[in-house]
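Take 1 as the starting number for the sequence shown in the UniProt record's numbering and just add one per residue.
Be careful, since some hints might not be right.
[What the hints assert, rightly or not] Subject to a maximum C-alpha distance of 20 Å in a straight line, what follows is the list of computed PhoX-like cross-link-like pairs (lysine-lysine):
#1 K377 - K412
#2 K159 - K129
#3 K407 - K377
#4 K450 - K403
#5 K507 - K527
#6 K376 - K392
#7 K93 - K175
Hints were generated in silico from the structure; no laboratory data involved.
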Amino acid sequence: MEVKKDILWRVYLCFIGMGLFGVAILIKIFLVQNIEGNYWRSMADSLHTRYVSLEADRGTIYSEEGRMLSTSIPYFNLRVDFAADGLREKNGKIFKANVDSLAICLSQLFKDHTPKEYRNILNEGYTRKDRYYLLKRDVLFVQYQAVRNFPMFRLGKNKGGLIAETKNKRINPFKLLANRTIGLSRENAQNVGLERTYDNFLKGVTGKRLMRRIAGGTFVPVEGYDIEPENGRDIITTIDVNMQDIAETALMNMMVSNEAENGTCILMEVKTGKIKAIANLGRQPDGSYWEDMNYALRVGEPGSTFKLATVIAALEDQYVTMNDQVNLNEGRLQIGKRTVFDSEPHPGQTNVSIKHAFELSSNVGMAQLAMRCYAKKPNDFVAHLRKLNLDKVTGIDLVGEGKPVIKSTKSKTWSATSLPWMSFGYEVLVSPLQTCMLYNAVANNGKMMKPYLVNAIMEYGQPVKDFDPEVVMDSICSQNTLRQVRSMLEGVVTNGTGRALWTPYYKLAGKTGTALVANGKDGYKEKIYQSSFAGYFPANDPQFTCVVVIKNKLNAVKFYGGAVAGPVFREVADKLYAIALEKQRPMRASVAIDTLLAFKNGQGREWKTILNTLDLPMQGAVGNSNWVSPRVNDKKITFAAIKQAKGGVPDVTGMGLKDALYLLENAGMRVIVRGAGKVTNQSIPGGSLLERNQTIVIELS
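Based on the sequences and whatever the hints tell you, model everything.
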């Protein structure tokens with residue numbers, strides 16, 4: 001009996017334990033499903049889904065007249081979802097009915113496989129029911145457009161199974177032209193040039209796409225979970241493609257003929273400080289030339305072009321006038337243990353005017369002048385150089401500008417010969433762009449402008465940020481000093497080292513420079529010369545400042561600034577002057593041409609075609625027969641209908657010339673057109689009573 005009770009007690013205990021265990025399981029199930037469910041579901045999703053980045057379309061960099069300097073070209077990887085709903089229906093009826101014709105179309109388009117081979121490729125993917133089958137890599141946009149209309153694929157993603165992965169490739173359509181200044185956006189590498197400076201505007205905002213893992217470890221997109229990227233903004237530069245080509249060609253011709261090491265040519269618009277062209281060429285190991293470095297921003301000893309700063313200081317402090325005498329000492333002067341040499345001896349020449357010493361580019365003359373004026377107060381000379389901003393970077397919108405060096409008596413390397421050597425461009429470090437900035441100030445009646453390369457940042461054809469000319473200094477010197485230095489710069493071309501550049505057609509002003517370049521540990525022993533010319537034209541009404549600096553090869557036969565850099569300057573000036581004559585107008589600041597994506601009022605059907613082709617978001621009333629006015633609103637293009645009164649004069653304000661003529665001439669009006677671009681004014685207001693054979697004048701800008 002006792003044994004029976006003991007057994008029953010144990011059985012009851014087991015049943016109670018099992019019951020409690022079951023209750024615990026039920027409680028846990030309840031907790032997992034109703035309280036912890038979201039957490040565990042997210043954990044499960046994280047093991048089977050992931051987000052991938054959707055790169056935004058990078059903005060385009062344009063020249064001032066609207067030509068593309070750097071842009072992104074879309075490429076596509078084409079994949080097929082062979083388990084798409086449409087391809088699974090009715091035992092693959094759609095696939096079987098279209099596979100032959102699709103194979104023929106693919107073969108004709110890509111020409112890399114026969115129709116039979118393409119049919120086998122498609123059958124292989126279909127047999128495996130591959131959800132993410134790679135059909136073709138790096139397909140061009142025009143090819144992708146064609147593929148979308150092929151049999152089966154034209155049915156759409158759900159029925160036809162076509163999946164397109166987009167990627168962009170950055171290209172510079174003009175190749176060498178301003179390549180280093182524009183830069184190049186590269187994957188896994190440091191951008192350079194404008195691509196780097198304005199990267200935050202150009203790159204846009206990256207989007208996201210949810211991808212789900214399927215059999216075989218492949219991830220496929222999950223519909224409806226994309227976060228669309230925001231495309232980058234466009235950059236409108238100050239670069240003029242024609243001027244850039246002129247500068248690049250002139251520099252290239254001289255460098256090839258003289259086998260030079262590297263060189264730069266800068267063209268700046270006098271009144272604004274806009275950089276219209278900036279060419280940088282370096283010799284490559286195979287003897288060719290490429291835009292490998294931005295030599296315009298690299299600092300170095302400038303040589304004789306720096307003498308402009310010396311004479312400005314002496315004249316401004318009223319120690320001398322340009323007609324005062326200075327001793328050339330026949331082109332040789334001993335100072336302490338060092339000797340100053342002129343590039344050419346001047347036998348028999350001793351006392352000449354400061355103006356003529358400048359025209360002859362006499363190092364001895366400039367050293368004598370500096371010592372006469374500043375021997376007891378050398379820091380006064382240094383203060384003048386700093387007042388001319390020669391100790392500061394220009395602040396141009398490019399990364400990598402070298403820091404200039406203008407030393408003073410407190411500098412460790414200052415010596416008894418520093419002052420005279422600084423006077424003719426040694427023992428100082430400045431960039432060609434700084435030299436250009438100084439000469440441009442002289443050309444601009446003393447007003448120093450900050451050089452810049454970007455006019456505006458655009459979004460959907462509308463400016464979101466404009467860059468205006470910036471004045472660094474209202475006047476670098478008095479008008480009296482300015483008149484004298486301008487006369488001296490003109491004298492260089494008429495009566496000095498730049499005589500070979502003289503032309504009877506227009507006036508040039510500038511300064512030659514020939515500097516011995518230090519070469520590492522060997523210093524100045526190897527006789528490597530840097531040729532330079534800095535000036536502006538036309539001298540009587542300056543429009544452009546141009547600086548050319550070329551580093552010659554070792555023991556170059558031709559190395560003087562007037563013979564190497566001067567001809568490049570002259571070629572640029574001649575061609576720009578010829579262009580101005582062809583247009584029957586004086587040289588002046590260029591006007592941007594309306595060739596960018598412009599927001600003009602027009603026909604709805606044409607706007608629909610444009611936006612559908614560019615795949616841009618839009619909202620508002622855009623029909624096939626109405627006239628609309630576009631605006632940008634919240635990163636979308638919004639359209640408002642334009643109502644034209646029956647029997648009235650059409651309202652063509654904001655339209656392009658084609659649409660304006662269409663409406664006005666169909667209304668029976670005679671049209672007189674002035675200007676180019678879009679209509680800004682019409683002589684008879686829209687909606688006015690229409691009269692027969694009426695004449696209307698429309699102004700475009």
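Status of each hint after checking the structure:
| no. | hint | in the structure |
| --- | --- | --- |
| 1 | K377 - K412 | holds (18 Å) |
| 2 | K159 - K129 | holds (14 Å) |
| 3 | K407 - K377 | holds (14 Å) |
| 4 | K450 - K403 | holds (16 Å) |
| 5 | K507 - K527 | violated (34 Å) |
| 6 | K376 - K392 | violated (26 Å) |
| 7 | K93 - K175 | violated (50 Å) |
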